[in-house]
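Residue numbers (the numbering used here), protein chains in the order written: chain A, 1 to 258; chain B, 1 to 258; chain C, 1 to 258; chain D, 1 to 258.
Hints are supplied without guarantee of correctness; some may be wrong.
The list makes no distinction among identical chains, and a pair is therefore deemed to hold if it is satisfied within one copy or across any two copies.
Said to hold, decoys possible - Below are the DSBU-like pairs computed for lysine-lysine, each with C-alpha atoms no more than 30 Å apart in a straight line:
id : residue 1 : residue 2
1  : K186      : K212
2  : K212      : K223
3  : K245      : K212
4  : K223      : K85
5  : K85       : K193
6  : K46       : K92
7  : K193      : K245
8  : K46       : K193
9  : K223      : K186
10 : K128      : K46
11 : K245      : K128
12 : K128      : K186
13 : K223      : K92
14 : K193      : K212
15 : K186      : K85
16 : K92       : K128
17 : K245      : K223
18 : K193      : K92
Honestly, the hints are just simulated from the structure, not real lab data. For clarity, every value in this text was computed on a predicted model and none was experimentally measured.
Protein chains: 4
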Amino acid sequence: RASRPYVRDGARVHFCEFIDAMGRMDLVIAIGGDGTIIHSAKHAVKHNLPVLGINVGRLGFLAQLESNELHQLSRLVQGRYTVRKHMMIEAKIQTDSEQMVCVALNDIAITKGDLSRIIDVDVTCNGKLVSEYHADGVIFSTPVGSTAYAMSAGGPVVDPSIASIGMTPICPHSLFSRTVLFSPEKELVVRAKYINNHNDLYLSADGERPIKIRRDSQIVIRKSDLAARLIDFGDRDFYEILNLKILGRGQRNEIETA
Amino acid sequence: RASRPYVRDGARVHFCEFIDAMGRMDLVIAIGGDGTIIHSAKHAVKHNLPVLGINVGRLGFLAQLESNELHQLSRLVQGRYTVRKHMMIEAKIQTDSEQMVCVALNDIAITKGDLSRIIDVDVTCNGKLVSEYHADGVIFSTPVGSTAYAMSAGGPVVDPSIASIGMTPICPHSLFSRTVLFSPEKELVVRAKYINNHNDLYLSADGERPIKIRRDSQIVIRKSDLAARLIDFGDRDFYEILNLKILGRGQRNEIETA
Amino acid sequence: RASRPYVRDGARVHFCEFIDAMGRMDLVIAIGGDGTIIHSAKHAVKHNLPVLGINVGRLGFLAQLESNELHQLSRLVQGRYTVRKHMMIEAKIQTDSEQMVCVALNDIAITKGDLSRIIDVDVTCNGKLVSEYHADGVIFSTPVGSTAYAMSAGGPVVDPSIASIGMTPICPHSLFSRTVLFSPEKELVVRAKYINNHNDLYLSADGERPIKIRRDSQIVIRKSDLAARLIDFGDRDFYEILNLKILGRGQRNEIETA
Amino acid sequence: RASRPYVRDGARVHFCEFIDAMGRMDLVIAIGGDGTIIHSAKHAVKHNLPVLGINVGRLGFLAQLESNELHQLSRLVQGRYTVRKHMMIEAKIQTDSEQMVCVALNDIAITKGDLSRIIDVDVTCNGKLVSEYHADGVIFSTPVGSTAYAMSAGGPVVDPSIASIGMTPICPHSLFSRTVLFSPEKELVVRAKYINNHNDLYLSADGERPIKIRRDSQIVIRKSDLAARLIDFGDRDFYEILNLKILGRGQRNEIETA
Numbered sequence: 001r002a003s004r005p006y007v008r009d010g011a012r013v014h015f016c017e018f019i020d021a022m023g024r025m026d027l028v029i030a031i032g033g034d035g036t037i038i039h040s041a042k043h044a045v046k047h048n049l050p051v052l053g054i055n056v057g058r059l060g061f062l063a064q065l066e067s068n069e070l071h072q073l074s075r076l077v078q079g080r081y082t083v084r085k086h087m088m089i090e091a092k093i094q095t096d097s098e099q100m101v102c103v104a105l106n107d108i109a110i111t112k113g114d115l116s117r118i119i120d121v122d123v124t125c126n127g128k129l130v131s132e133y134h135a136d137g138v139i140f141s142t143p144v145g146s147t148a149y150a151m152s153a154g155g156p157v158v159d160p161s162i163a164s165i166g167m168t169p170i171c172p173h174s175l176f177s178r179t180v181l182f183s184p185e186k187e188l189v190v191r192a193k194y195i196n197n198h199n200d201l202y203l204s205a206d207g208e209r210p211i212k213i214r215r216d217s218q219i220v221i222r223k224s225d226l227a228a229r230l231i232d233f234g235d236r237d238f239y240e241i242l243n244l245k246i247l248g249r250g251q252r253n254e255i256e257t258a
Numbered sequence: 001r002a003s004r005p006y007v008r009d010g011a012r013v014h015f016c017e018f019i020d021a022m023g024r025m026d027l028v029i030a031i032g033g034d035g036t037i038i039h040s041a042k043h044a045v046k047h048n049l050p051v052l053g054i055n056v057g058r059l060g061f062l063a064q065l066e067s068n069e070l071h072q073l074s075r076l077v078q079g080r081y082t083v084r085k086h087m088m089i090e091a092k093i094q095t096d097s098e099q100m101v102c103v104a105l106n107d108i109a110i111t112k113g114d115l116s117r118i119i120d121v122d123v124t125c126n127g128k129l130v131s132e133y134h135a136d137g138v139i140f141s142t143p144v145g146s147t148a149y150a151m152s153a154g155g156p157v158v159d160p161s162i163a164s165i166g167m168t169p170i171c172p173h174s175l176f177s178r179t180v181l182f183s184p185e186k187e188l189v190v191r192a193k194y195i196n197n198h199n200d201l202y203l204s205a206d207g208e209r210p211i212k213i214r215r216d217s218q219i220v221i222r223k224s225d226l227a228a229r230l231i232d233f234g235d236r237d238f239y240e241i242l243n244l245k246i247l248g249r250g251q252r253n254e255i256e257t258a
Numbered sequence: 001r002a003s004r005p006y007v008r009d010g011a012r013v014h015f016c017e018f019i020d021a022m023g024r025m026d027l028v029i030a031i032g033g034d035g036t037i038i039h040s041a042k043h044a045v046k047h048n049l050p051v052l053g054i055n056v057g058r059l060g061f062l063a064q065l066e067s068n069e070l071h072q073l074s075r076l077v078q079g080r081y082t083v084r085k086h087m088m089i090e091a092k093i094q095t096d097s098e099q100m101v102c103v104a105l106n107d108i109a110i111t112k113g114d115l116s117r118i119i120d121v122d123v124t125c126n127g128k129l130v131s132e133y134h135a136d137g138v139i140f141s142t143p144v145g146s147t148a149y150a151m152s153a154g155g156p157v158v159d160p161s162i163a164s165i166g167m168t169p170i171c172p173h174s175l176f177s178r179t180v181l182f183s184p185e186k187e188l189v190v191r192a193k194y195i196n197n198h199n200d201l202y203l204s205a206d207g208e209r210p211i212k213i214r215r216d217s218q219i220v221i222r223k224s225d226l227a228a229r230l231i232d233f234g235d236r237d238f239y240e241i242l243n244l245k246i247l248g249r250g251q252r253n254e255i256e257t258a
Numbered sequence: 001r002a003s004r005p006y007v008r009d010g011a012r013v014h015f016c017e018f019i020d021a022m023g024r025m026d027l028v029i030a031i032g033g034d035g036t037i038i039h040s041a042k043h044a045v046k047h048n049l050p051v052l053g054i055n056v057g058r059l060g061f062l063a064q065l066e067s068n069e070l071h072q073l074s075r076l077v078q079g080r081y082t083v084r085k086h087m088m089i090e091a092k093i094q095t096d097s098e099q100m101v102c103v104a105l106n107d108i109a110i111t112k113g114d115l116s117r118i119i120d121v122d123v124t125c126n127g128k129l130v131s132e133y134h135a136d137g138v139i140f141s142t143p144v145g146s147t148a149y150a151m152s153a154g155g156p157v158v159d160p161s162i163a164s165i166g167m168t169p170i171c172p173h174s175l176f177s178r179t180v181l182f183s184p185e186k187e188l189v190v191r192a193k194y195i196n197n198h199n200d201l202y203l204s205a206d207g208e209r210p211i212k213i214r215r216d217s218q219i220v221i222r223k224s225d226l227a228a229r230l231i232d233f234g235d236r237d238f239y240e241i242l243n244l245k246i247l248g249r250g251q252r253n254e255i256e257t258a
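Work out the full structure: start from the sequences and follow the hints.
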């Protein structure tokens with residue numbers, strides 16, 4: 001599958017492998033919803049490339065342009081944009097013999113498999129027990145991820161500029177099910193408890209295909225050294241989108257009747 | 001595995017298959033937690049047998065005796081007890097060609113598989129759309145089940161004598177995630193939506209092994225014609241246990257320091 | 001303010017005191033929002049009169065007609081309607097020397113005054129402690145009231161036909177803040193705790209002007225012997241309105257752009 | 001009430017006005033609960049004094065010593081402590097003719113009076129509408145305040161080192177009642193809406209006596225330039241106390257029976 005040149009109006013378009021292409025770019029344009037932009041940004045970060053999101057479909061938090069605003073693409077050439085960094089989190093999955101690392105811009109979710117009834121884990125922060133969870137799962141989220149899965153599980157909205165790691169349980173067997181926002185300097189360790197626990201754990205970064213975790217693993221959650229870089233045209237404000245998508249809706253007495 | 005007589009003090013104990021045994025009993029004594037009692041009660045209901053729960057381990061809502069109160073078993077012989085009926089719900093899973101029915105004393109949970117990101121379903125009540133759910137799942141619960149999985153998902157506590165069917169979403173993509181309590185006369189139908197939905201559904205009754213549901217199925221949830229019959233000694237009150245287990249705990253300012 | 005006859009097209013309109021008027025009516029037509037209908041229904045109940053609600057403004061749960069459907073009023077003359085009973089709750093406020101009773105179709109709220117920081121009460125059910133609340137208040141609600149103040153405080157939606165008394169704390173100092181749904185046969189008693197508590201209690205029925213409660217009072221909450229009678233044309237279904245007002249809104253990903 | 005010398009073992013104790021005393025101190029020792037420590041810290045900040053909290057009674061987040069650890073007071077003389085700064089927020093209440101400022105270490109609550117049914121306000125962030133609230137009130141909280149009133153209203157736990165301003169509605173008439181965490185650089189403006197709104201607003205800083213707010217006022221909420229300074233012995237960790245007070249409790253299945 002070699003790169004194939006495609007010519008129109010003197011410009012050339014090269015088709016090549018995504019990964020190869022990254023190495024030759026100045027920036028990435030991601031067209032889709034927040035999921036697509038997140039996926040692109042995670043790959044782009046390895047090459048230190050900024051990403052511009054163009055929205056298709058539903059209103060998202062991360063896109064800078066709608067599909068009818070493409071004339072604004074000239075800003076890229078003119079350099080009329082800023083690049084905003086967004087913190088990412090990573091999960092290091094460690095057993096005695098091996099380790100692997102997953103990075104997320106939205107969230108790391110540790111959940112039960114479909115045949116398991118529950119996860120049964122301890123979470124420690126800098127070596128001290130913070131909480132035990134008997135639950136369907138636990139979500140660790142970035143500020144950007146606060147309006148994604150963590151919100152469905154009951155979490156708060158976090159301004160994208162507030163560096164923090166959110167921890168939100170899914171259906172806990174507990175009287176307290178609120179989100180805890182940790183300082184981004186903290187290192188959190190999740191360990192499955194052995195007693196009475198024959199259930200598997202699954203870990204998914206940004207809603208990607210879940211990885212099965214061995215029960216003797218420990219999962220270390222912390223701020224990633226990498227930061228996603230999103231191009232910002234300054235026209236869209238997080239709080240405006242928040243109002244449009246979330247806060248300004250749901251006024252339950254507002255439906256006017258004829 | 002034929003029935004084996006076992007003699008002590010003139011009494012005989014027969015070991016035989018659980019299902020066969022049911023046919024010869026006057027009542028069932030279930031020793032364990034609420035899960036065990038529920039499991040026994042669901043089998044006993046087919047033979048119209050009442051069940052006495054004896055608690056082992058953690059405080060439950062359904063047991064009538066603790067392990068140190070076994071002398072009270074004589075009440076059974078003396079007839080000093082009442083039998084309390086508890087409503088059950090059923091899920092009828094229908095495709096064009098076949099149907100099957102699951103019965104639950106706690107809850108029917110319709111959830112995503114571990115590799116699926118979400119369920120995308122419509123719920124109708126007597127033919128009219130009540131809600132769409134993009135969610136990890138939906139729990140339909142009896143009053144007895146209100147303190148089980150539905151509670152973990154955010155639901156209210158329901159007095160066991162209030163006939164009703166609770167509907168509680170799990171991690172919905174929605175601003176409104178509250179439980180809706182339906183009248184037990186209502187028939188609810190859950191259908192997967194096809195558009196953009198390649199995800200599987202799983203259905204689990206009372207936390208038992210999930211059944212994979214074909215996407216063209218419809219699931220009809222309604223009050224079962226059967227009612228579980230639990231023996232009641234009248235000494236334990238639902239609200240007392242509620243206070244001990246739930247309401248009387250969690251007073252967050254109550255820890256005294258030395 | 002004697003009754004003044006007002007003639008148009010042969011019909012006569014009498015203006016007189018609301019209370020006097022009630023004694024001469026066959027039914028009451030309440031024009032307004034749910035608040036107006038509730039207010040009318042509570043007065044009408046004393047004269048055993050049914051109430052028809054005509055909605056003005058926002059969508060409500062209780063009105064049967066919109067302002068552009070007035071031609072349907074002929075149904076009243078034709079007798080083409082049913083009367084639906086809705087349970088009410090009452091609060092009996094007792095001190096050593098006196099007692100008074102308030103009745104509510106939506107809710108009885110027991111709250112702090114504006115200069116008090118908190119209420120500090122015990123709630124008992126049939127003589128046994130159910131919960132202590134250090135909170136801004138506690139709401140006791142009917143099924144009809146489940147979509148009113150109790151919903152704002154986090155409570156579930158309850159089908160109007162499910163007889164029950166909901167108890168929902170407002171901002172409790174507790175890890176558990178869920179609604180408890182009591183059987184309508186239960187009698188709940190709320191008592192202020194004396195220790196460290198110099199704060200006043202206020203009681204408001206259906207959002208009406210709060211009554212100051214002496215700290216040595218006990219407040220008995222139970223199902224009222226009276227039931228509100230609302231005229232039903234059968235065209236509007238609770239779950240349809242629920243979908244329009246609440247469940248069908250708030251799909252947080254649904255705003256289309258461009 | 002002149003200062004009165006009191007001599008024991010050669011030391012002298014001076015009794016004088018709290019405000020006067022502040023001017024002569026090196027540091028403040030506050031003995032009581034979190035409320036007392038907060039009150040002291042707010043006064044101390046005007047004189048740039050650090051505060052050491054000694055706990056009496058219930059476990060708190062802010063005290064460094066228990067009453068049986070007073071021997072550790074020698075650390076103060078030895079200089080074996082650090083001073084930790086905690087962000088405060090302020091509310092500037094502005095009318096055409098006047099303005100006043102309130103400062104809070106926990107929270108600024110804007111609520112209805114006891115005879116008013118609701119507040120009806122707009123909240124803007126840097127000039128743009130974020131949310132309208134029809135509610136019993138809105139709480140603006142610091143990270144330290146996240147475990148106080150905001151928690152009762154449903155808010156998340158925020159690590160004290162994460163600079164942010166939390167906004168949590170109290171009983172909103174809205175489908176969405178989550179906390180929004182704003183960046184501490186943001187300026188939030190709360191304004192009462194005039195239409196259909198004859199209700200008063202009250203503002204209370206840290207639970208202190210509420211101030212009545214004129215309806216034509218605007219309330220500007222922002223990070224204070226002042227920061228409370230609390231003495232830290234390094235022995236107590238926020239997450240340990242969190243586990244003891246909140247997360248480690250409320251495991252609803254944990255009560256063992258005999």
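For each hint, the structure was consulted:
Taking identical chains as interchangeable, the C-alpha atoms of K186 and K212 lie at most 30 Å apart only when both belong to the same chain, with a minimum of 25 Å there against 40 Å between chains. For the homomeric pair K212 and K223, the shortest alpha-carbon distance inside one copy (22 Å) is at most 30 Å, but the shortest distance between copies (37 Å) is not. Proximity of K245 and K212 under a CA criterion of 30 Å is satisfied in neither setting, with 34 Å inside one chain copy and 33 Å between copies. Taking the shortest alpha-carbon separations for K223 and K85, both the intra-copy value of 13 Å and the inter-copy value of 23 Å come in at or below 30 Å.
Proximity of K85 and K193 under a CA criterion of 30 Å is satisfied in neither setting, with 36 Å inside one chain copy and 37 Å between copies. With identical chains, the CA atoms of K46 and K92 are at most 30 Å apart within one copy only, with a shortest distance of 17 Å there and 46 Å across copies. Proximity of K193 and K245 under a CA criterion of 30 Å is satisfied inter-copy only: 22 Å between copies versus 39 Å inside one chain copy. With identical chains, the CA atoms of K46 and K193 are never at most 30 Å apart, being 35 Å at best within one copy and 37 Å at best between copies.
For the homomeric pair K223 and K186, the shortest alpha-carbon distances inside one copy (8 Å) and between copies (24 Å) are both at most 30 Å. Taking identical chains as interchangeable, the C-alpha atoms of K128 and K46 are never at most 30 Å apart, the minima being 33 Å within one chain and 36 Å between chains. Taking the closest pair of Cα atoms, K245 and K128 come within 30 Å of each other only across two copies (15 Å); inside a single copy the shortest separation is 38 Å, beyond that limit. Taking CA atoms no more than 30 Å apart as the test, K128 paired with K186 passes inside one copy only; the shortest distance there is 11 Å, against 34 Å between copies.
Taking CA atoms no more than 30 Å apart as the test, K223 paired with K92 passes inside one copy only; the shortest distance there is 11 Å, against 36 Å between copies. In this assembly of identical chains, K193 and K212 lie within 30 Å of each other by CA distance both inside one copy and across copies; the values are 16 Å within and 28 Å between. Within a single copy, K186 and K85 get their C-alpha atoms as close as 20 Å, and across copies as close as 18 Å, so both meet the 30 Å cut-off. For the identical chains of this complex, K92 and K128 are intra-copy neighbours only, at 18 Å inside a copy versus 40 Å across copies, given an alpha-carbon limit of 30 Å.
In this homomeric assembly, K245 and K223 come within 30 Å of each other (Cα to Cα) both inside a single copy, at 28 Å, and across copies, at 27 Å. Taking identical chains as interchangeable, the C-alpha atoms of K193 and K92 lie at most 30 Å apart only when both belong to the same chain, with a minimum of 18 Å there against 36 Å between chains.
In terms of the numbered hints stated before, the structure departs from hints 3, 5, 8, 10, listed from lowest to highest.
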